[in-house]
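Novice: Spelled out from the first residue to the last, the chains are:
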Amino acid sequence: MTVSGHQYDLDRWSVEAALQGVLPEPIQEHFVVINGRRWPPKQVLALVTGLDRADFTTHQARRALTRLGFSAARAASSSGHDPVASSAAGPLRPAVSGTAKWSESSVEALRPFIGLWVAVRGDEVLVAAPSAKEVVAWLAQHRQRAQSMFRVPDSEEAITGAAPQ
Amino acid sequence: MRFAFRALPAASGGVLTPRPVVDIALEGLPDAPMECLLDTGALRTRMSAELAPLAGIELSGVLTEQFYIGGLKTVGALARVGLTLADGTDEFSWDAPVWFCDPWPHPFGLAGLEGFLHYFLVTINAYDGYLDLQPQP
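In the order they appear, the protein sequences are chains A and B.
Heads up: the first sequence at position 4 corresponds to 4 in the numbering used here, and the numbers run straight through without jumps.
Heads up: the second sequence at position 56 corresponds to 221 in the numbering used here, and the numbers run straight through without jumps.
Bear in mind the hints are in silico, worked out from the structure with no lab data behind them.
Please note that a few of the clues may not be correct.
[Stated by the list, open to error] Part of the chain A face toward chain B, derived, beta carbon under 10 Å: (1) Y8; (2) R67; (3) F70; (4) G115; (5) V120; (6) L139; (7) Q144; (8) P153.
[What the hints assert, rightly or not] Listed next, the stretches of chain B that the computed footprint assigns to chain A, with coverage defined by at least 3 CB atoms under 8 Å from CB atoms of chain A: (9) 194-205; (10) 209-217; (11) 271-279.
For glycine and all other residues, C-beta sits at the position ideal for the given N, C-alpha and C.
One chain only, chain B, in its complex shape (with noise of 0.2 Å):
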């Protein structure tokens, strides 16, 4: 599966460095894949907590952890969900554990070794802006 970085414009002018993203579509949302940055140095993969109702996430009595972000100090709760990755041609399901965080600065998701690069094997190549994504069974 394959998967072209993704620039996005920046606030004052310009475009921004394209990035290694995918979308990841939550149990319960699957019309609304979020896009998560490919974050090798995480080792969560990590949402905005504001997704989880929107999936039917229970949050309620789970596991949370406090951690900072960027400076900023949040809280995740672990929930234990499919996702889904689909390039158009293929899909790959799997369960994962994820962690949803609020407050949430990013933009995105970050799909990092827990939840996402276990799943995969991943091949980056940022000459020519593109990820490989193989899934392992």
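This is chain A alone, in the form it adopts within the complex (with noise of 0.2 Å):
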């Protein structure tokens, strides 16, 4: 594959390898899926390059990430801006009208990461992470307001009160 002029040799495993271990950025526009998580594709052909962002388009990486076999898409609703800017842009959490009832696509956005950390807008995920500490740390960094912070349970018995001896 030829990046910004320069020959790599990737293939999706590498890639995946490659961010095991790395928190995805705010999703701007684009995203890829990678390990079922969004990622900037941007970010992502950085990391596995080593080139710098300027080296390349948005269009670029999501073309090469997508000739790895990784799915792309535009976010319904851009979520690159800072807290005020999202204030003002509307509420954090969505209205509940009278007749509110949980949405399956939040359930199944939380999915993939049972266990961990996450810090949640709307049926969103922004951030995962294996402690608190590591989600306030990425809003903080990203300049990104949640509407929730929890741990995914992985167990149910985290959640009735059953903890372990």
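If you follow the hints, you should be able to join the two separate chains into one complex; please do so.
Specialist: Next up, the structure:
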């Protein structure tokens, strides 16, 4: 694969491996799905090639990664703005009508993160990490405001009061 | 202020029963409101102790108590902190006692009588899966 005039020997497994232990940055508009999570294409390509992000465009990154077999899409709504802009743009929590029901999409969005701490806004998982400290640090670093933070339970017992002895 | 029950994925597949939860922001940690289960049977409002240092809440030298939760022995440290509840349109802030517990087995906090329910008129509509909270001045 050639990126910005340089030749790289990449496959989907080496990309997946390179992302282990890394947290995705906020999605601006485009994303690719790798290891069950959404990633900004430029973050991924910069990470696996070592290139500066200014050396290629989002579309080039997206095209390179889809060639490796990763699905890509455009986010329904941009989340890459600061908390002030976020608050001004609309509510963090969608308005709840008289017959509110939980949404299946929000459950499925959380499924890849069972056992991890997450910060969510609406149905969107902003970040998932092994500790609350890492989640809070990510929110501060990327100037994001979550609607809610919690750990996705890895067992029914964790939320029914039957804690381990 | 209206809050939909939250459903979570079950590790074994499927969906865990949706529960009444509220997201409470600790003073000093406004960008990461902690999900708390509304617990009408709990006297205290309790959260994981790991949140306290993230919010800059000092727990050394404060009142502590030992108790069991779900069979797990834990220690709670009491701090009076500013809390904020927001539904996206309105928000309400109050000052209340919170017990920060270590270890803490739950993936969320518990919003109990002292610290939470004393400050709201609460209507739970489990049939439709939401709760209404009316702040009490």
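Novice: What are the numbers of the hints that this structure violates, sorted from low to high?
Specialist: As far as the earlier hints go, 1, 2, 3 are violated by this structure, in ascending order.
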